[in-house]
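First to last, the sequence lines map onto chains Z, R and A. Our numbering puts the first residue of the first sequence at 34, with every later residue one more than the last. Our numbering puts the first residue of the second sequence at 34, with every later residue one more than the last. Our numbering puts the first residue of the third sequence at 34, with every later residue one more than the last.
Please keep in mind that the hints were generated in silico from the structure rather than gathered at the bench. Accuracy of the hints is not assured; some may be wrong.
Which copy is meant is left open, so a pair is good if it fits within one copy or across any two.
No farther apart than 25 Å at their CA atoms in a straight line, the calculated lysine to aspartate or glutamate pairs in the DMTMM-like style are these [what the hints assert, rightly or not]: (1) Lys154 x Glu289; (2) Lys65 x Asp140; (3) Lys151 x Asp332; (4) Lys60 x Asp140; (5) Lys158 x Glu195; (6) Lys111 x Asp309; (7) Lys257 x Asp337; (8) Lys268 x Glu116; (9) Lys251 x Asp123; (10) Lys151 x Asp123.
Since we're looking at a predicted model, the values are computed, not measured.
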Amino acid sequence: MTRHFTSLMETGADETAALVESARAFKRSPPKNRPLAGKSVAFCFMNPSLRTQVSCEVAAASLGAHPVTLFLGSGTWKIAVEEGVVMDGDCPEHAREAVPVLARLCDALALRAFPAGKDWKEDRKDAYLAAFRRHSTVPVISLESAMGHPCQGLADQMTLRERMDPRGKEFLLTWAPHIKPLPLAVPHSAAEAAALAGMNVTIARPPGFDLDPEVMEKLSSVCKARGARLRVSDKPQEAYRGAHAVYAKAWGSLSEYGRPLPADPAFRALWRVSADKMALTDGAVFMHCLPVRRNVEVDDAVLDGPSSVVVDQAENRLHTAKAVLYRLLTGKHYSQEASQCPMPSAR
Amino acid sequence: MTRHFTSLMETGADETAALVESARAFKRSPPKNRPLAGKSVAFCFMNPSLRTQVSCEVAAASLGAHPVTLFLGSGTWKIAVEEGVVMDGDCPEHAREAVPVLARLCDALALRAFPAGKDWKEDRKDAYLAAFRRHSTVPVISLESAMGHPCQGLADQMTLRERMDPRGKEFLLTWAPHIKPLPLAVPHSAAEAAALAGMNVTIARPPGFDLDPEVMEKLSSVCKARGARLRVSDKPQEAYRGAHAVYAKAWGSLSEYGRPLPADPAFRALWRVSADKMALTDGAVFMHCLPVRRNVEVDDAVLDGPSSVVVDQAENRLHTAKAVLYRLLTGKHYSQEASQCPMPSAR
Amino acid sequence: MTRHFTSLMETGADETAALVESARAFKRSPPKNRPLAGKSVAFCFMNPSLRTQVSCEVAAASLGAHPVTLFLGSGTWKIAVEEGVVMDGDCPEHAREAVPVLARLCDALALRAFPAGKDWKEDRKDAYLAAFRRHSTVPVISLESAMGHPCQGLADQMTLRERMDPRGKEFLLTWAPHIKPLPLAVPHSAAEAAALAGMNVTIARPPGFDLDPEVMEKLSSVCKARGARLRVSDKPQEAYRGAHAVYAKAWGSLSEYGRPLPADPAFRALWRVSADKMALTDGAVFMHCLPVRRNVEVDDAVLDGPSSVVVDQAENRLHTAKAVLYRLLTGKHYSQEASQCPMPSAR
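When you get a sec, could you build the whole thing from the sequences and use the hints?
So this is what it looks like as structure tokens:
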């Protein structure tokens with residue numbers, strides 16, 4: 034077990050699988066006692082959230098912990114992270130104080146910090162998340178940073194495992210049209226989740242829309258280690274063939290970082306997920322992290338059809354959040370047996 | 034029992050009275066156990082709130098449930114509700130996903146969505162509330178929509194029942210001056226609450242300030258069924274005579290929807306609630322949903338005098354919120370007997 | 034015991050010391066039961082917060098109470114406080130209703146209301162806090178107002194007592210450079226906390242940066258009563274000599290209220306806390322309420338050095354918040370004995 038939960042690749046295949054098993058046990062039989070009673074967790078948001086805030090709050094509260102939801106920089110002070118800085122700018126607070134203080138007041142810290150969207154070389158350093166990891170004396174959880182969204186990835190892997198034995202199955206991550214060049218955290222984590230589960234991974238994207246090179250390298254080495262295939266394609270039609278899972282997501286180009294996406298209707302139609310394209314697959318489930326722009330990224334017919342598991346993915350955010358919190362705060366994985374023999378209250 | 038709690042008229046006279054009895058039992062003897070332990074409720078606000086947020090949070094928490102307070106569109110994503118829309122505008126999320134997801138994460142969903150204030154024909158459809166009802170698999174509670182504010186109405190009826198046997202008594206809903214054309218949710222629900230309690234209802238308002246015709250029709254049929262009288266007046270002085278309860282509220286004109294209110298001092302004085310006017314009543318209690326603009330809607334002398342029950346109304350928001358949550362989440366009404374025989378903790 | 038906790042001077046030396054003892058007992062051995070179960074506390078913020086929100090929420094929740102965090106004027110209605118006002122301006126709600134209502138819904142009310150920063154004569158009246166005290170039927174806690182920050186002062190005194198027997202020791206409150214003329218709440222409360230603990234108090238500040246005269250008068254009489262010395266200096270170098278605790282804080286001038294602070298580098302260097310200056314002390318601890326502007330108010334070397342207790346101060350916000358809530362809501366102080374003999378759950 035790593036101390037923090039900020040990257041699926043760092044967490045690794047075995048631990049990821051164990052967390053998913055724990056999450057499935059939470060889903061089958063939630064604990065009757067409050068195993069995290071007396072604990073508190075700070076959920077720090079620098080960006081909007083719906084599923085993440087609700088799933089985290091409910092996960093913590095249902096285990097007996099107190100969730101503190103903070104909107105950093107709006108209800109609170111803006112936080113500097115650079116070392117040695119003369120703080121005469123617009124940040125009245127430094128992570129060197131803010132993080133250790135939060136770590137004294139709470140038993141775990143979770144952070145959502147989107148990239149700024151101007152310079153990928155800077156953004157990919159994930160300065161805020163790195164500062165939280167560096168200065169925290171308690172476990173840190175990423176609720177999405179520039180490089181990944183491990184909580185989403187864990188829920189994605191859980192959803193895949195609920196529908197199939199993922200080993201050797203075909204996972205297609207397909208780029209989707211959008212009105213804005215979105216971050217790459219979700220495509221990174223979705224591909225990682227599938228690779229760590231032993232799937233063959235195909236990434237279909239227009240030229241110029243590759244994932245981060247370091248992420249690709251790690252994907253490649255995980256796939257190789259698990260005897261799976263990693264493939265990149267710019268032909269969506271082809272890429273759908275034989276897929277067991279289609280994961281759609283819009284993201285921006287790293288080579289032309291921050292640039293608006295092509296809005297050409299034919300281009301959009303080529304990449305939008307449709308029932309026609311889904312018909313090319315091997316009965317694939319349709320996945321998306323949500324929120325999704327209907328009829329821009331994917332047609333209503335797919336989202337509202339029987340192959341869509343997007344609401345399951347979102348529900349599984351709750352169960353996987355419980356698994357992560359339980360693991361980081363007790364050192365153990367939750368198992369159905371534990372829940373069947375109710376322990377005396379931890380109070 | 035209807036599945037949702039979004040309209041007093043839909044809830045009906047018997048169920049409304051039973052909820053008020055439950056609320057009075059909660060007020061007399063709050064449960065010692067945590068009957069809703071392990072449950073969570075999402076309270077979604079698209080508009081500001083004070084009483085509503087606090088009463089809902091405290092009601093849920095004191096029954097053992099976890100309240101998740103969300104400010105939709107600010108801390109979260111903006112939500113589209115139209116079906117079949119191509120989502121290339123400013124809403125990144127659709128109710129078709131957002132609502133089912135919330136319903137997987139929480140055991141009940143509550144929504145405050147004020148009208149936009151431009152087109153009453155559109156506003157009265159309550160698109161957001163309708164979308165929550167349509168797409169939720171768990172009970173939906175209205176925390177105020179264009180057409181009504183049933184939680185407020187329930188607290189109003191409770192306050193009336195604490196002071197009198199309302200059957201056959203005189204209820205005056207009087208329009209009050211204001212600096213802005215406010216929504217009609219509260220006057221709608223206040224009149225409904227009184228009618229459902231069997232009171233004779235008088236609505237005093239300037240010409241052009243009628244309530245919604247469908248609301249008036251339902252009020253008329255409820256009053257008829259209960260042997261009570263429904264009257265509309267544009268003569269405030271007359272309307273006060275014989276009243277047992279005076280409920281003041283400012284609202285905008287539906288026929289000139291969105292237009293500023295008349296600011297003429299004489300007109301304002303004619304409609305402002307004063308001690309003189311209250312002296313014409315049969316010792317009426319003075320009611321208002323709050324917030325109230327002092328010395329614009331009503332004089333200090335009335336608000337600070339002994340007939341004012343406005344703070345009781347607000348306190349009763351807590352007890353009625355408990356009654357609604359308890360009913361929707363357990364299927365039962367709370368009774369004093371239940372509270373006197375403490376059950377073993379649900380944990 | 035006073036009914037409210039809004040001023041250290043009003044709370045007095047004995048009660049302040051007892052609260053610190055209670056806080057130390059909470060730190061050593063948190064209660065296993067939930068002594069405030071069923072209670073709720075409204076934490077009302079008119080200004081940003083990090084330590085205060087988190088420490089208050091966690092303190093309340095860990096004692097079993099439900100914390101309701103409100104951002105007054107943003108998520109809620111703007112509140113008027115003047116008596117007799119015709120409310121045709123931008124405040125739709127008056128404290129005469131808002132406060133009694135909150136007091137019906139919650140068991141204690143806490144308020145953060147910074148000064149407006151234009152007229153000290155007005156600001157020092159603390160109109161919002163005064164309105165809360167006047168209209169609340171339940172205990173009121175100040176989370177910082179123009180005149181003081183008693184929760185911070187209590188944590189400061191606790192931190193001092195953890196490091197030394199403060200009686201007769203030398204406490205230096207030193208003005209520090211900043212980019213903005215900050216409020217005086219913290220320097221007021223820090224000096225009060227030290228004086229009430231029996232320390233000799235030195236206040237080093239540039240000419241024109243005196244504390245509020247009434248605060249100085251009370252400090253003087255407390256110091257006299259405790260046989261201690263109160264001194265004001267404009268020579269920072271001298272002032273550091275022999276200090277056992279150095280408390281740095283930036284604040285604005287009351288005589289030139291609202292004016293920007295001098296930005297002259299030499300002036301800033303004269304007043305910035307440095308390792309050189311700390312070397313003049315008698316091994317003093319370094320204190321700051323946070324957030325702190327690094328290398329503007331104080332050098333990295335001091336903040337990151339072994340004498341800094343700033344993170345302890347912040348942690349002690351949690352324990353002192355528990356002590357205050359416990360005292361106000363149960364009438365008792367918490368003691369280690371109480372925690373060693375677990376009482377049956379208050380539920």
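Comparing the hints with the structure gives:
no., hint, result
1, Lys154 x Glu289, "within (12 Å within a copy, 46 Å between copies)"
2, Lys65 x Asp140, "both (22 Å within a copy, 17 Å between copies)"
3, Lys151 x Asp332, "neither (31 Å within a copy, 31 Å between copies)"
4, Lys60 x Asp140, "both (24 Å within a copy, 15 Å between copies)"
5, Lys158 x Glu195, "neither (34 Å within a copy, 39 Å between copies)"
6, Lys111 x Asp309, "neither (48 Å within a copy, 30 Å between copies)"
7, Lys257 x Asp337, "neither (36 Å within a copy, 45 Å between copies)"
8, Lys268 x Glu116, "neither (45 Å within a copy, 31 Å between copies)"
9, Lys251 x Asp123, "neither (37 Å within a copy, 36 Å between copies)"
10, Lys151 x Asp123, "both (19 Å within a copy, 21 Å between copies)"
When the structure is compared with the earlier hints, violations turn up for hints 3, 5, 6, 7, 8, 9 and for no others.
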